[in-house]
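Trainee: So you can see what is in the structure, the chains are spelled out below.
2 protein chains.
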Amino acid sequence: MKILVKGVGLTKFGELWDKSLFDLSLQAATEAIQDANLSAKNIEAVFVANMIHGKLANQDLLGAAIASLFNIKGASFRVEGACASGGLAVHLAIQSLLAGTYKNVLVVGAEKMTDVTISEITSALMGAGSEAERKAGLTFPGLYALMAKTHMQKFGTTRNHLAAVSVKNHYHASLNEKAQFPFEITEEKALNSPEICMPFTLFDASPITDGAGAVILSSENTPRRRALTPSRWTAGDVYITGSAVATDTVGLAERESLVEIPATKQAAKMAVKQAGIEIADIDIAEVHDCFTIAEILAMEDLGFCEKGEGGKFIVQGTTKLGGRLPINTSGGLKACGHPVAATGLKQIIEITQQLRGSAGKRQVKDAKIGLTHNVGGSGATVVVHVLQT
Amino acid sequence: MKILVKGVGLTKFGELWDKSLFDLSLQAATEAIQDANLSAKNIEAVFVANMIHGKLANQDLLGAAIASLFNIKGASFRVEGACASGGLAVHLAIQSLLAGTYKNVLVVGAEKMTDVTISEITSALMGAGSEAERKAGLTFPGLYALMAKTHMQKFGTTRNHLAAVSVKNHYHASLNEKAQFPFEITEEKALNSPEICMPFTLFDASPITDGAGAVILSSENTPRRRALTPSRWTAGDVYITGSAVATDTVGLAERESLVEIPATKQAAKMAVKQAGIEIADIDIAEVHDCFTIAEILAMEDLGFCEKGEGGKFIVQGTTKLGGRLPINTSGGLKACGHPVAATGLKQIIEITQQLRGSAGKRQVKDAKIGLTHNVGGSGATVVVHVLQT
Numbered sequence: 001m002k003i004l005v006k007g008v009g010l011t012k013f014g015e016l017w018d019k020s021l022f023d024l025s026l027q028a029a030t031e032a033i034q035d036a037n038l039s040a041k042n043i044e045a046v047f048v049a050n051m052i053h054g055k056l057a058n059q060d061l062l063g064a065a066i067a068s069l070f071n072i073k074g075a076s077f078r079v080e081g082a083c084a085s086g087g088l089a090v091h092l093a094i095q096s097l098l099a100g101t102y103k104n105v106l107v108v109g110a111e112k113m114t115d116v117t118i119s120e121i122t123s124a125l126m127g128a129g130s131e132a133e134r135k136a137g138l139t140f141p142g143l144y145a146l147m148a149k150t151h152m153q154k155f156g157t158t159r160n161h162l163a164a165v166s167v168k169n170h171y172h173a174s175l176n177e178k179a180q181f182p183f184e185i186t187e188e189k190a191l192n193s194p195e196i197c198m199p200f201t202l203f204d205a206s207p208i209t210d211g212a213g214a215v216i217l218s219s220e221n222t223p224r225r226r227a228l229t230p231s232r233w234t235a236g237d238v239y240i241t242g243s244a245v246a247t248d249t250v251g252l253a254e255r256e257s258l259v260e261i262p263a264t265k266q267a268a269k270m271a272v273k274q275a276g277i278e279i280a281d282i283d284i285a286e287v288h289d290c291f292t293i294a295e296i297l298a299m300e301d302l303g304f305c306e307k308g309e310g311g312k313f314i315v316q317g318t319t320k321l322g323g324r325l326p327i328n329t330s331g332g333l334k335a336c337g338h339p340v341a342a343t344g345l346k347q348i349i350e351i352t353q354q355l356r357g358s359a360g361k362r363q364v365k366d367a368k369i370g371l372t373h374n375v376g377g378s379g380a381t382v383v384v385h386v387l388q389t
Numbered sequence: 001m002k003i004l005v006k007g008v009g010l011t012k013f014g015e016l017w018d019k020s021l022f023d024l025s026l027q028a029a030t031e032a033i034q035d036a037n038l039s040a041k042n043i044e045a046v047f048v049a050n051m052i053h054g055k056l057a058n059q060d061l062l063g064a065a066i067a068s069l070f071n072i073k074g075a076s077f078r079v080e081g082a083c084a085s086g087g088l089a090v091h092l093a094i095q096s097l098l099a100g101t102y103k104n105v106l107v108v109g110a111e112k113m114t115d116v117t118i119s120e121i122t123s124a125l126m127g128a129g130s131e132a133e134r135k136a137g138l139t140f141p142g143l144y145a146l147m148a149k150t151h152m153q154k155f156g157t158t159r160n161h162l163a164a165v166s167v168k169n170h171y172h173a174s175l176n177e178k179a180q181f182p183f184e185i186t187e188e189k190a191l192n193s194p195e196i197c198m199p200f201t202l203f204d205a206s207p208i209t210d211g212a213g214a215v216i217l218s219s220e221n222t223p224r225r226r227a228l229t230p231s232r233w234t235a236g237d238v239y240i241t242g243s244a245v246a247t248d249t250v251g252l253a254e255r256e257s258l259v260e261i262p263a264t265k266q267a268a269k270m271a272v273k274q275a276g277i278e279i280a281d282i283d284i285a286e287v288h289d290c291f292t293i294a295e296i297l298a299m300e301d302l303g304f305c306e307k308g309e310g311g312k313f314i315v316q317g318t319t320k321l322g323g324r325l326p327i328n329t330s331g332g333l334k335a336c337g338h339p340v341a342a343t344g345l346k347q348i349i350e351i352t353q354q355l356r357g358s359a360g361k362r363q364v365k366d367a368k369i370g371l372t373h374n375v376g377g378s379g380a381t382v383v384v385h386v387l388q389t
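Sequence lines, in order, name chains U and H.
The first sequence begins at 1 in full-length UniProt numbering and counts up one residue at a time.
The second sequence begins at 1 in full-length UniProt numbering and counts up one residue at a time.
Pulled out of the complex, with its shape left as it was, chain U reads as follows (with noise of 0.2 Å):
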């Protein structure tokens, strides 16, 4: 497989109460074609990830409508699946590109969250809960509560570790001017924020977002012309080349463990083998953490560390920007922030712009081969994607 992402374009991320979400859509899809250097009748097809807004702003049939913003008239489609609306829409698209159907299409992530109380934003999100545990009250906060205190009475797991992913995301965020909070915090002001469902605080949690991220992907090897962006493009064109997902139950109350996410080993693997590498040969990572011990389950799943050594792992520093290993230098869910459909996009964004050199202040050197993990639920879908350059 070997896909090219053949531009990218991505909104702030955060608060955005002046922009709708098709004022969102509109600018990073419209960056997307401009940065593929191809005009809109060159698209033949519309990806359209996004979970919430048929909810929240009774507005169905994004994929026509959010190609008619561009005259589009080829084919259309949305595409969800909760918190990996993102990392799914790719995977069609590709699979449309292999299919040989389409050459050139556009994929775009977006969610519009803010505009609603709290109360009827987390009922919404709690959509991608089983309805047995919904009704039980769980919710995600309650849910990867679950997860982290089992892990931290197996592995010995601390609320330090929890916090060190924390820190370590806001440090990364406080160099991406797209984050939505681009600030450092300390261990000890994550550790002593308030408590939002132990052992979880508040800089545990991802939080609620506004923003859209757009990809065009392409089957044409032939790499973009490279003059007309220099300053965006200094590294060689970036392909796509793994792209797997894994479904699991959607209850946790089905699973075997509550200490790791089948689906994403095994998406994972598959991706890995796809694009005919090692997971050692990784260079850099874009993974889910939607709650801080979501970071260290995907350390552990994806292979880079051993179960149980997750916390550990963080801590030694291997996955801060200028370690071996730099995880999140987008600043993740937490950091940069997490509107739901748009995160699957903003990780593909973020490893294409580190491998094609232009991540600027939070440039990882040498990056050649990327990986990104975007999370359905508490892991009933996982989306895995390898980039290389």
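The reader is advised that the hints may include incorrect statements.
The list treats identical chains as interchangeable, and a pair is accepted whether it falls inside one copy or across any two copies.
[Claimed, not checked] Pairs of lysine-lysine, DSS-like flavour, derived with a Cα cap of 25 Å:
#1 Lys178 / Lys12
#2 Lys368 / Lys265
#3 Lys2 / Lys103
#4 Lys12 / Lys73
#5 Lys73 / Lys178
#6 Lys41 / Lys2
#7 Lys103 / Lys265
#8 Lys73 / Lys265
#9 Lys19 / Lys2
#10 Lys12 / Lys149
#11 Lys135 / Lys19
#12 Lys103 / Lys269
#13 Lys368 / Lys135
#14 Lys265 / Lys41
#15 Lys368 / Lys178
#16 Lys73 / Lys307
#17 Lys2 / Lys189
#18 Lys273 / Lys73
#19 Lys189 / Lys312
#20 Lys307 / Lys273
#21 Lys273 / Lys41
#22 Lys41 / Lys269
#23 Lys361 / Lys41
#24 Lys269 / Lys73
#25 Lys178 / Lys103
None of these hints come from the bench; they were simulated from the model.
Keeping the supplied structure of chain U fixed, place chain H upon it in accordance with the hints.
Mentor: Showing chain H alone in chain U's frame:
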């Protein structure tokens, strides 16, 4: 393109108050898996088409939820494009097979619409409209009534022409045990039923319906083992040979004409070209008759008759069972019922059964080439498939 329809399964359509969305999905998918002579463990990906369950039941992530009913750990997706969701899911499933990523995939379309009040479901369905037209107070009966009124003024189409669609489709439904309304009606009854939105009376509109349909699609060109279900399998294997999607504006106000659906023309042209046939080669079709005028527009825009002649074409009897080109032998959306995202699946299933020779009392003789036409919104997204035996 040659994609085998390896198995099909369909629930009864109707007001199924004792069945949940998952009950219906399980039933249709189990039947399709058995019909394909497969085990669930051979299914590598599950595509779920659904429009409305997130809004009405706050359940998203339906790809994983329905895959988990069968303990399927492969890929899972939800695809949405309002009333075209089913056709879009089939199109994307086909892409993944053509790409060579998966060999056997399950596509489920399911909708549970009758458990809420009429005001709730009417509001939820307007998510398929444009924000401006929704806020202006337009409903789908209103949008299609605008098209009908214009067609009547421009081409002399009459209420009798509209009623003929309903009478024919009710006749077909009277031969279909899965239909929501398996009874005949007279032209007089159609014309004198309560007014909905002039020129429409009750019998011009498709109903609110619960139901699910499922198909197993396969890139393997090996025929099914026919011995297992001889009674249901008397003709050859059925293949999808064309699959195309086209897009238009969501709002009617942005269109140039109220008497055509350009996306239907475009999708039909592409699908027929892919299949290597002419539109005149079609023996049978299931078209999207959400309102009677929609079937008239479909006849014209698919190229079965000239623009403006759709009404007269239908009253000639050509499209009635026994005629040269039977249309909507299932009973169509009008009389078989319209569980939104299940409709695209039901269309594929009906044509498959007809081409297999297993359509029972409504069997069309010697049908070799069939077409399905699935519309989202008021023509914003159209999916056309060509099936051949």
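Trainee: So which hints don't hold here, by number, going up?
Mentor: Result: hints 4, 5, 9, 10, 13, 17, 23 and 25 break, sorted rising.
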